[in-house]
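**Q** Using the sequences plus the hints, can you model the full thing?
4 protein chains.
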Amino acid sequence: MKSQPQPSRSFASDNNAGAHQEIIDAIAAANVGHVIAYGDDPFTARAVKQFQKHFGKNTAVYFVFGGTGANVLGIKAVTNPYNAVICAESAHINVDECGAPEKFTGCKLLDVATPDGKVTVDRIKHFMHGVGFEHHVQPRVISISQATEMGTVYKPHEIRSLADFAHKNNMVLHMDGARIANAAVSLNLNLRAITIDAGVDVLSFGGAKNGMLYGEAVLFFDKRLAENFKYIRKQGMHLPSKMRFISTQFEALLSGDLWKRSATHSNRLARQLARELEKVPKITLTQPVESNGVYAIIPKKYISELQKKYFFYVWNEEISEVRLMTSFDTTEEDIREFVGFVKKIVR
Amino acid sequence: MKSQPQPSRSFASDNNAGAHQEIIDAIAAANVGHVIAYGDDPFTARAVKQFQKHFGKNTAVYFVFGGTGANVLGIKAVTNPYNAVICAESAHINVDECGAPEKFTGCKLLDVATPDGKVTVDRIKHFMHGVGFEHHVQPRVISISQATEMGTVYKPHEIRSLADFAHKNNMVLHMDGARIANAAVSLNLNLRAITIDAGVDVLSFGGAKNGMLYGEAVLFFDKRLAENFKYIRKQGMHLPSKMRFISTQFEALLSGDLWKRSATHSNRLARQLARELEKVPKITLTQPVESNGVYAIIPKKYISELQKKYFFYVWNEEISEVRLMTSFDTTEEDIREFVGFVKKIVR
Amino acid sequence: MKSQPQPSRSFASDNNAGAHQEIIDAIAAANVGHVIAYGDDPFTARAVKQFQKHFGKNTAVYFVFGGTGANVLGIKAVTNPYNAVICAESAHINVDECGAPEKFTGCKLLDVATPDGKVTVDRIKHFMHGVGFEHHVQPRVISISQATEMGTVYKPHEIRSLADFAHKNNMVLHMDGARIANAAVSLNLNLRAITIDAGVDVLSFGGAKNGMLYGEAVLFFDKRLAENFKYIRKQGMHLPSKMRFISTQFEALLSGDLWKRSATHSNRLARQLARELEKVPKITLTQPVESNGVYAIIPKKYISELQKKYFFYVWNEEISEVRLMTSFDTTEEDIREFVGFVKKIVR
Amino acid sequence: MKSQPQPSRSFASDNNAGAHQEIIDAIAAANVGHVIAYGDDPFTARAVKQFQKHFGKNTAVYFVFGGTGANVLGIKAVTNPYNAVICAESAHINVDECGAPEKFTGCKLLDVATPDGKVTVDRIKHFMHGVGFEHHVQPRVISISQATEMGTVYKPHEIRSLADFAHKNNMVLHMDGARIANAAVSLNLNLRAITIDAGVDVLSFGGAKNGMLYGEAVLFFDKRLAENFKYIRKQGMHLPSKMRFISTQFEALLSGDLWKRSATHSNRLARQLARELEKVPKITLTQPVESNGVYAIIPKKYISELQKKYFFYVWNEEISEVRLMTSFDTTEEDIREFVGFVKKIVR
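Protein chains in written order, with numbering that gives the first Met the number 0: chain V, 0 to 346; chain B, 0 to 346; chain U, 0 to 346; chain R, 0 to 346.
Worth double-checking, as some hints may not be accurate.
Just so you know, same-sequence chains aren't split out, so a pair can sit in one copy or run between any two.
[Unchecked claim] Restricting the straight-line Cα-Cα distance to at most 25 Å, the calculated cross-link-like pairs of lysine to any residue (SDA-like) are:
{"id": "1", "residue 1": "Lys300", "residue 2": "Phe126"}
{"id": "2", "residue 1": "Lys52", "residue 2": "Lys222"}
{"id": "3", "residue 1": "Lys222", "residue 2": "Asn168"}
{"id": "4", "residue 1": "Lys343", "residue 2": "Asn57"}
{"id": "5", "residue 1": "Lys52", "residue 2": "Gly32"}
{"id": "6", "residue 1": "Lys48", "residue 2": "Asp196"}
{"id": "7", "residue 1": "Lys281", "residue 2": "Glu336"}
{"id": "8", "residue 1": "Lys299", "residue 2": "Glu277"}
{"id": "9", "residue 1": "Lys299", "residue 2": "Val120"}
{"id": "10", "residue 1": "Lys278", "residue 2": "Ser319"}
{"id": "11", "residue 1": "Lys300", "residue 2": "His128"}
{"id": "12", "residue 1": "Lys342", "residue 2": "Phe164"}
{"id": "13", "residue 1": "Lys278", "residue 2": "Thr330"}
Keep in mind the hints are simulated off the structure, nothing from the lab.
Quick caveat, the model's predicted, so the values are computed rather than measured.
**A** What follows is the structure, encoded as structure tokens:
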């Protein structure tokens, strides 16, 4: 008798997936001849144009290797080390980047507890008390994640309200858009509507979690904020030499509807997964499913059983909450199998 | 009559080339199903094994996105901010990383002028005068490039002599091996002979300049030096999420002889290019051609003419010295065309 | 009629006071001849001996210019940048050092809300969940203030319990002792009992707030932790050249009972101030008065009236809480005058 | 017979001296009542006014604890971490601050060998080659020491020429004025003439080496450069709480002619020491004596004999060069005794 085969797709994270085949094809197609390294090449020029088509001609676009680099360097561009960055307690920059923001920018992160991963003006306005007083760090950035780390999605007016507050206080609004495609699709809006049009100043535009191999983009909607960014990127160890291989992926993602197709698919399958899990007794969803993440409380004793077959992360050990993510390549069969297994374990 | 076509391959840098087809194939082959992100996957396990086959079982192996990251984070692992890193004036860490070593490690770089890019004990021993005196930075690393930025190659006994000096002084020997394959091939030695066997402690193993898309490895030959490296890599913004796509490239490079084939080829073509240029009057080679770089003085007035058709870097403006690099995909036809054009310009 | 004279002593902070006359005398007495700079002098040797008399012979003692330097450099000595420092939300390192700890150490501060300024094991143990997981900062220091920023004082068993938790988890216990004299006097204990004997590893020993002009000491109770501190202090810009003038102050403070006399006095007057304020209707004390600080809620409309004559800080704007500090030179007359004025304003 | 008494004044450094009695008196006089901490006090207001009397009303003046802090924080105020600071190889920031400039500013120091400690345009202009090229650090500061670490003094037109070069290249001119009083006196000029009037932008004004206990000033001659300096000073751990005790020293130094008297005296005695040493066979002066330092080659075998009685520093071990410094309290008798001893050793 054969042992149970390892399932080929888990729900651990959208970065456990590989790359979309169209991305692989783009890389193969870009592998022709020599081009100047470090971004002065036609692939990069075309990819930048795609970004500007989506976000406007005045958008400054820079590619980096990964998401932590995109967040940290984007924030560095608009801060001094005595500044503070306000964010949600659950923000990736706050809990999942091993202190990279503090190390590289020197800034303190001021985090606020949020039930749903969303920063609001009410939750942060007390941070303004020490402005101008040199003993205290000076708030300069509000950083939000779209979609949030809890799978929820900011509506445009929620972003606008934070942007207005930021600008009134001489701050900038940064968005960690590792899953921005999922957010846009969720709201049935284009990418502008939830970024530049809602007042965002700096955006980390995610590639890897939407089907790329590697590569993220840092976008500045006011070019003056990007004035020194080329130096920050290089000193920040995120200037790719063979840039064309990131650029061509972004071109493939953005020139057609690949970004939207993949996000629509993973969002849909997350909702489907949520619907099925809701039916299982003893399992409680903890967040509305607005993007490609499902958060649920599963009693501790079942979790270890489930993890024998499926790798996934316990999100909050205190309350036994797990996180399940879908990706561009999750199938309905994957969900049926997983939910079947859950039902077998949790009776 | 058609206009002269733009040559598809330049001599500007080995990172102006694309990727070797076998590398592309490996990526496509690795794009199957889900694996755990951040390196806990079978591709990475296999790639690490390949490195250990070349360098010994006790080698600690970590993959990062790029070369500046590899150098800086490897050095960070063995230093405190009050330490100094001794290197050649021409070292990549000294002149081509926009101060990333200083920014991330806090260390000062102590550089020495060298005619050939090579550090020697004689050139650096005066840096030992302030040891133990808290007003001075404390030397902790000697960093050498193999091959050097001048295209020369350290012989094993030269490395050994630096290693012995380092270890006697409680320092470690770091090697920037962005072009280590070219160096090994040049000496007709295996990779061990010019690294661990010659006393090197930390190695940046280059991928991009030998036909990969992206990805470098940091190797520690004493695992204790790597104790905290996983945190340094993550905080250093160089932990790739979809790690498998770097790992599979290294597997392709190292499991067979791809690393050696490509380096042999580019070295051979560099020698050929040098031989042809030497014949051109008014052009003087400035360095022995021991790897894939050719350094030559070309009178200023010709340089701008040449650059109208060929992109390459002026290495030393004071003496009108240029650098020409070959890569795995340079052809004999490329050289004939280029030399022909040079002859036409320089009469 | 003469206008009301400006009171010469406020309750704003113990650093609004000048220096104790015995301190001034010590400085004048030390101003004789030449001695080697940077600490290799007999004054420093004698001051170190005084510290070792109080704290034990194996204590490593280093003098620095000020309190923020003492805290930050002491923490730097025991951390790597990917570490985290756990502290109270109200900690000086967290809110009053303009992000100096993050900037210089690279570490993230993990703060916990506390009603009384005290860290407890229960409040912090959830920070241990991510240990060993490279995406998260690694807790390495628990930092407590003795006395706390709320004027409360840790009992030895409370410190011991934190020390045990720290050591069990491979962490160190740091104490910000800007007001350690006040704490020792409050508990009627010697300095050892609330530091080394209770498990503290690194101590910032405060001078300025107990009657010195400037100067703080960083004490390591395990000398191995201090191995590199001389370099950290110099690179941290806190190696005083004319060290003798700090050392002689510490000798004056510690060789007799000056440290104790001054702290006893300021504690006593704080209790007296508290007793008087308690009697004023509409004023509510918010913390037990265990050292030289008094915390009280005073309705907003009275605060601005009071501040016309007396400078002091609003501690918590949300709840209209003020902080009042006594110092070694506060007099009973000062308190009578202040309370009289308060009563006039608040009826 | 009594053994020879240890000489009470050495020639090791001007910071081996104590403080001038007028400085001690000023401190004692300032020790009255309470004033607001951190600089918002009348002593500081008066001291700032004294500086503005010397340097002009638009000078922004900030006090810090010490010289390394003054240099590093002043440079931080005008740089980004990807910038470079050009200086002499012998500069204090380059060799005597244990890498503090690199650690705190992130910048690389580009140093040039100089026979006399002086930077000139010719020696540094090659650093401009990589401007705008992101792989290279971007020069932003020229830092010079006045007097230099070799005891020489820049003439106003030498400073002006560096200032013009700096400003033409979008750089600022920083002056380490640890011994600026000695330089001004040497040139028989006022303080303006060799700073603001010669084009200097940022100045570290030294106190300790001219008779203060501690305390230095950072001066910005264009207030816009100081915009964020209050935060930088605090985050840089150099905001003294009892600021008045630094301020009152500066007031004593600058309100009358104390700064000039002391510097005139130490300069004069240095010349006298030089004249006497010149007469000793086998001793060769290596620099013109333009301030309070004397540099001389003394054969190695004599140095250790001399150091048995006199503590001083070997400046350059390669050529057996020593440095001897005079200070405000050096006496002619000190010089006679020392030279007598030298003659006894060196025959």
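**Q** How would you classify Lys299 and Glu277 at a CA-CA limit of 25 Å: within, between, both, or neither?
**A** Within one copy, since 17 Å is at most 25 Å while 51 Å is not.
**Q** Is the C-alpha distance from Lys343 to Asn57 at most 25 Å within one copy, between copies, in both cases, or in neither?
**A** neither (55 Å within a copy, 44 Å between copies)
**Q** Reference check for the pair Lys342 and Phe164, CA-CA at most 25 Å: within, between, both, or neither?
**A** neither (47 Å within a copy, 40 Å between copies)
**Q** Given a CA cutoff of 25 Å, do Lys300 and Phe126 count as a within-copy pair, a between-copy pair, both, or neither?
**A** Cα proximity of Lys300 and Phe126: across copies only (22 Å, versus 41 Å in one copy).
**Q** For Lys278 vs Ser319, is the C-alpha pair at or below 25 Å within one copy, between two copies, both, or neither?
**A** within (18 Å within a copy, 50 Å between copies)
**Q** Between Lys52 and Gly32, at a C-alpha cutoff of 25 Å, which is it: within one copy, between copies, both, or neither?
**A** Close neither inside one copy (27 Å) nor across copies (33 Å); limit 25 Å.
**Q** Regarding Lys299 and Val120, is the shortest C-alpha distance of 25 Å or less found within a copy, between copies, in both, or in neither?
**A** between (35 Å within a copy, 24 Å between copies)
**Q** First find the shortest C-alpha distance between Lys222 and Asn168 inside one copy, then the shortest across copies, and answer within, between, both or neither for a cut-off of 25 Å.
**A** both (20 Å within a copy, 23 Å between copies)
**Q** When no copy is named, should Lys300 and His128 be tagged within, between, both, or neither for a Cα gap of at most 25 Å?
**A** For Lys300 and His128, the Cα distance is within 25 Å only across copies (18 Å; inside one copy 46 Å).
**Q** At most 25 Å between CA atoms: does that hold for Lys48 and Asp196 within a copy, between copies, both, or neither?
**A** For Lys48 and Asp196, the Cα distance is within 25 Å only inside one copy (19 Å; across copies 50 Å).
**Q** Go through the copies and call it for Lys278 and Thr330: within, between, both or neither, with a Cα cutoff of 25 Å.
**A** within (20 Å within a copy, 64 Å between copies)
**Q** Classify it for me, Lys52 with Lys222: is the Cα-Cα distance of at most 25 Å met within a copy, between copies, both or neither?
**A** Cα proximity of Lys52 and Lys222: one copy only (16 Å, versus 42 Å across).
Comparing the model with each earlier hint shows violations of hints 4, 5, 12; every other hint is respected.
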